[in-house]
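Using our numbering, you'd call the opening residue of the sequence shown number 34 and step up by one each time.
Honestly, the hints are just simulated from the structure, not real lab data.
All clues given are correct.
Mimicking DSBU-like on lysine-lysine, the simulated pairs with C-alpha atoms at most 30 Å apart in a straight line are:
1. Lys-63 / Lys-123
2. Lys-62 / Lys-118
3. Lys-88 / Lys-118
4. Lys-130 / Lys-141
5. Lys-88 / Lys-139
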Amino acid sequence: MRVRAYYVLRTQRTGTGPDDLRRSKLPAKKTGRQQVKRAVRTRGDRTETRSAMAKALRSVESGDVAEAENDVKDALSTLDRALQKGILHKNNVNRRKSRMAARLNKMKAAAE
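Using the sequences and the hints, build the whole thing.
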């Protein structure tokens, strides 16, 4: 009995017993299912964000100030939504917003 108690304590503490190997597969499978669901759910949002950024960049490069301002505003709001949903990291969002604003300001200065 004492040996069995030691074995139970040892496997619970370290997770190296044969039963623990069987148990560890279930959470791994569940995590895999969750990752697939999250990937499907966020794919559309990521695509929308990329499309909005590309459209804003094309508008800035075209030189039309009014259209560029409108498209950049839409792109920045799309980035903020992606941040709120947890799709992009806040530093990534802030870097993209900063670079887009700098391009817009540079284009405005050149247009004047």
